[in-house]
Amino acid sequence: MSETYDGPLLEIENLSISYYTRAGEIPAVVDFSLTLNAGESVGLVGESGCGKSTVAMAIMRYMGNNGGIVGGSIKFKGRDMVQLDDEELRKLRGSEIAMIYQEPMAALNPSMTVARQLMEVPITHDGVSEDEAWKRAVQMLADVHLPDPERVMNAYPHQISGGQQQRVVIAMALLSNPSLLLLDEPTTALDVTVEAGIVELIGELAQKFDTALLYISHNLGLMLEVCDRIGVMYSGEMVEEGRVNSIFTWPKHPYTHGLFGCIPLPHSDKNARPLMAIPGQLPLPHQRPQGCNFGPRCRFFGDGRCNAGDIRMDAVTTDEDPDHRVRCIRWNEIDHDEAIPKPDERPPIEIGEPVLIVEDMQKYYEITDNSLKALISGDRIKYVKANESITFKAGRSETVAIVGESGCGKSTFAKVLMGLETTTGGTVTLNNVEIGGLEVGNRTPEQLGSLQMVFQNPNDTLNPSHSVGFQIGRVIKKFGVESDPAKVKQRVFDLLDTVKLPRAFINRKPRQLSGGQKQRIGIARAFAGNPSTVIADEPISALDVSVAAAVTELLMDIQREHKTTLLFISHDLSAVRYLADRVVVMYLGQIMERGTTDEVFAPPYHPYTEALLSAVPIADPQVTKRRIVLEGNLPSVLNPPPGCPFATRCPRKLGDICDRERPPLREVEPRHVIACHIEVEELRKVPPVITVSEDYQKEVEDRLGS
Amino acid sequence: MSEMTQETVRAPSFGDKVVRVLKAIALMRESPVGMVGAGLVLFWVIMALIAPFAAPYDPNATMIPFQLPGTVAPDGGTFWFGTDLLGRDILSRVMWGAQTVLFYAPLATFCAYTVGIGMGLLAGYKMGWWDTILSRVADIVLSFPVMVLYVIVIAKFGASGINIVIAITFASAPAIMRIVRGLTLDVRARDYIGAAQTRGEGAWFIMLAEILPNVRGPLIVDACLRFGYVTITIGVLGFLGLGLPPPDPDWGGMINENRSMALSFPHMTVIPCIAISSLVLGFNLLADGLREISIKD
Amino acid sequence: MLIFLAKRLGFMLLTMFVVSLVLFLVMEFNIENVATKVLGPYSLPEQREAWLLANGYYEPIYIRYFDWVSGAVVGDFGISTRFKAPVNEYIWDRLWNTAILGFWVFALMVPLSLVLGILAGMKEGSRLDRIISVSCILTTSVPEFASAVFFSAIFVFWLDLLPGASSMMGGFDWKQIVLPVMVLLVYDFGYVARMTRASMAEVMTTHYIRTAVLKGLPYRQVILKHALRNALIAPFTVILLQLNWLLSGVIVVEFFFAYKGFGALILEASLNQDIYMIEACALIAVFVAVATQVLADIGYMYLNPRIRFK
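Respectively, the protein sequence lines represent chains A, B and C. All residue numbers in the first sequence are consecutive under the numbering used here, ending with 706. All residue numbers in the second sequence are consecutive under the numbering used here, ending with 297. All residue numbers in the third sequence are consecutive under the numbering used here, ending with 310.
Hints listed in this document are in silico derivations from the structure and should not be mistaken for laboratory results. Take the hints with a grain of salt, since some may be wrong.
Said to hold, decoys possible - Chain A stretches covered by chain B per the calculated footprint, using a threshold of three residues with CB under 8 Å from any CB of chain B: (1) 409 to 423; (2) 433 to 446; (3) 454 to 462.
Unchecked claim - Short, incomplete list of chain C residues facing chain B, as computed with Cβ under 10 Å: (4) THR15; (5) VAL73; (6) VAL74; (7) LEU138; (8) ALA146; (9) VAL149; (10) ILE266; (11) ALA282.
From the three backbone atoms N, C-alpha and C, an ideal C-beta is built for every residue, glycine too.
In isolation and in its complexed conformation, chain A is listed as follows (with noise of 0.2 Å):
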């Protein structure tokens, strides 16, 4: 590397990416352009599918058997890597490019301790000794804020925590002092209070280091914390790039408007404003539109303009961002302040009297413990205490929410209501009927069809093998609600109607959908019976923004219109925040705190919440947030603390009560709980978390009013 080049870091220039597969050669990146200068940290942002990933493996020329570079340049440090050869190209990856993956589990070799793995970075590319490369990776361990790096450094990948992985592939990263780093979505695996910590180690090493970022995302939030810079990719072209706070304040691409309008942020709200999904669907890449990527979903869609010819990237001449460029003709025409269509205001939902009630419910799972030592004590039958005390109220129409991270019992939680298991101790009633420990087999079809559930994963949610019309109609007869073919057929007409989905779908398999219209179909199939109450678990986890706003807001219309008590199971606060109406945080089998969704998202609050609300990334830039980084790994279920389960990683821990005693249940108000041993008063002093500046809330309101 010549040690006197002063240009660009990075450059990409006209950058096009092509897949080749049976069908042909398949566009993934066109047209893609980027610089990036030293020390500097530029985000890219897209839904699934954008080719936003596809770009960070071109920089590293790792693109697989059926991938290639079709035209344009890579620059790095101002040669070309598309020039490069092999043995080039080794000596710059891992030395002077590095990357942090998804799953740092993944990412890890299996059968080789974590001393091996981060040893061979030095070793190859500085040449240095075993004993000076073992220095090396044990001080990087501690710079990674790896307790015990020593221990650490004889471990398998497997003996240590999600978080610690993620760590460990840092450390692995930055040993031979990269100057650009790509990270593709490196926290999305993790749990939110360990994303958190991780965030905020990238932030701190990147300066400690001075090295560019090149930070890969689909969360608007998280690129608002991290980066200088983003790019918006929709459909294998960058739509619009700039400074963060150009892009949050003034976006000028109609899809970035888009994006927005799909986020739940803290001044959304499910009645006055609702999210505004953005309409139709992403085109795959053998079937893009003529002219600009989004035209057929654009709603400033200028016929024979956008639709002409390729669209350039422009200049945005109206801020002060020197970087601001969108691909968009109309870009100067367009309201900007029009760019989502104004959503109907919905009346309040009146919440009706009691469906649900949890009390004192308590799931604990028996195992054998089949240790040596365990052999010997003769202490072998243990109990896992999945659901501890679990108590609470649901009423008609109303939303709770339960929130919480994994391992926090919620899923167990989920199949006790459905019969999967049944409960330990406690009484869970539903329509006055006690079903607590009323297994599904032994459930009355009414029963059956009164209590669903929407599932997390819309790839696994309908059988593959069975069609659309097979998976509804089955549901509807088997819970005696229609038995005659034409009627039921019938019936599963009316349910599509009510997904907003085309009739013709009956007829298709599984593997004919997106992933939205799976989780669809999945709604239909739990509103099949006209349940009293349904369960969603995760609905939208695993959906785009875009695709998880439509399902969002179809999910709430329905509940609406047949008065359903919803059961949203979530580890997404934004989201909570928006739809709920009540919420219950749980940690580890137990409740921490319960109330109604403004109380629980105000002080005060339980420690854990606050955490949690401080984790979680906010898409705006007007929001402030104070931070409170979580230490410590989530304990095992196995082996939780005897205590208050917060109490290893409370940051307001009092002392020695907490890792003995367990909290007392403190009311704040009628049915707003909290479970600490802090006294309510001490707890009201914390100030809030998030503060959105007092103008903002004014612009907010005043355009609300308007």
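Use these hints to put chains B and C onto chain A, whose structure you have.
Coordinates of chains B and C only, in the frame set by chain A:
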């Protein structure tokens, strides 16, 4: 896409289904290896079907022994593949032998699959005790070296078609069970199984209608391989003298009968060996082709 | 770890118990049949009755089973009716002969199939991969008796290079073992090679290989340090379990080449209904098979740190 289409929605007709099957066959072109395999299997199926009409001689008629391939027969015809040591026409015996093997191999495979799928679904879906007991039984059967099992069992109970089918079912079902169990464990964790359970479906409906159709891909590939393997097994048993009772033609048996002459008249043994090897090769190539295509999709 | 070993050994004992019980019931439940087989079909009913009485056959069946098992455990398998001599006099020599055969097959098959499998799996879909894969399918499609016929036709009938029988009448002869080893090798290596290839190909698509490549490691190092260790876990088990297949193969090969081994002994005993010999052979065969499975499990655990440190 959210427009309501009010036109009458018709069910897929028979014609649509035919088109879909044809398309699936057309996919086979992607894999030349699979095509060769399919061709070989098809060849032997045709041979087996036309044997009653096209075989030049009665497979059990003893004529002139030790004739080399291509010799002219007394009735003016030709012994294209020569005759064996009892003077029977080898070509005719090979053709009729195809019928034998293509009857017993699918039958035994089918029986093994029925038992294996049933066991695998039960073990994988019900888990718990079902799984423990069925898996243990399978482990015990599988720990027995297969051929030792066949030899002992068939020698004890006598060589007959039905005993061969039973022995193969007994020895292969546990292996199939393991595959099905693994696939079932994977599928049962899917949400659509949860959906079926929560709408109150019975265990058998879930196993047969919800799980089985989704594990058929890998099973079809495995079945092809197993066809080949069962063909070999039937051949080996015939070769060891434990196959179908003579005089009916059976490729393995033909090799056994003529073994004493193998070093003087190799054609007597080489020809049935080529027959069985090519059929097994056909099954194996077909399986490979199918797997390749299934991965691509 | 200890628990695992104890469990595995416990299951091994259970298997042996079940197998021996079933074997015993199948072979000796009908005592009339046993007497006929031992004394011959022309023996008089009185003779058989006397024999049964003298040998304790009128005892309850569980006592007979216990007597038989306790004999088998200390190596007393009774007297072969076929050879008119104690089973022990034959069985160990035959086992040794088969072990020689098996040793050579393994010594050649393991390196051959691993190297071919790894070469093929390194670049899935390459020309080398296709050639190796198709050759493996080809060789595994030819059953042992068929390749024995082909090789005999070529090397014995046509080229006259090797002897057509391996009875070793005049002591051990290298030339006689070549054809049996070749036949077993050709049938068996393809399967292991294909397993290795599949395992290697799968490893090559994993993310940690991508990580290793993007770390800038030389290709050799990616393959040798990162891929091989993970790719060899599956074939290791397959190779040990291959012993089970070998036991099947040797029956055919020993029969064909008249090699005086264990497989031929099982066949001969079965065809002649030599009850005590069958029982002894079956027990030994199962013992060998189960013991290798235990070895395979232990080895698998050792190779795979995800299981080792749990």
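Status of the hints after comparison with the structure:
Counting residues of the stretch 409 to 423 of chain A whose beta carbon lies closer than 8 Å to any beta carbon of chain B gives 3, which meets the minimum of three for the stated coverage. Only residues whose beta carbon comes within less than 8 Å of a beta carbon in chain B count, and the stretch 433 to 446 of chain A has 4; three or more means the coverage holds. Only when three residues or more bring their CB closer than 8 Å to a CB of chain B does the claim for the stretch 454 to 462 of chain A stand; here the count is 6, and the claim holds. Against a cut-off of 10 Å between C-beta atoms, the interface hint on C/THR15 holds, since the closest Cβ of chain B lies about 5 Å away.
A hinted interface residue such as C/VAL73 counts as satisfied when its beta carbon comes closer than 10 Å to some beta carbon of chain B; here the least separation is about 18 Å, so the hint is violated. Of the supplied interface hints, the one on C/VAL74 is violated, with its beta-carbon coming no nearer than about 23 Å to a beta-carbon of chain B, more than 10 Å. Against a cut-off of 10 Å between C-beta atoms, the interface hint on C/LEU138 holds, since the closest Cβ of chain B lies about 6 Å away. With 10 Å as the threshold, the beta carbon of C/ALA146 comes within range of chain B, its nearest partner Cβ sitting at about 4 Å, so the hint holds.
Proximity of C/VAL149 to chain B holds as hinted, the smallest CB-CB distance being about 5 Å (cut-off 10 Å). Contact between C/ILE266 and chain B, as hinted, is supported at the beta carbon level, the nearest pair being about 6 Å apart and thus within 10 Å. Of the supplied interface hints, the one on C/ALA282 holds, with its beta-carbon coming within about 6 Å of a beta-carbon of chain B, less than 10 Å.
The structure fails to meet hints 5, 6 from the earlier list, while all remaining hints are met.
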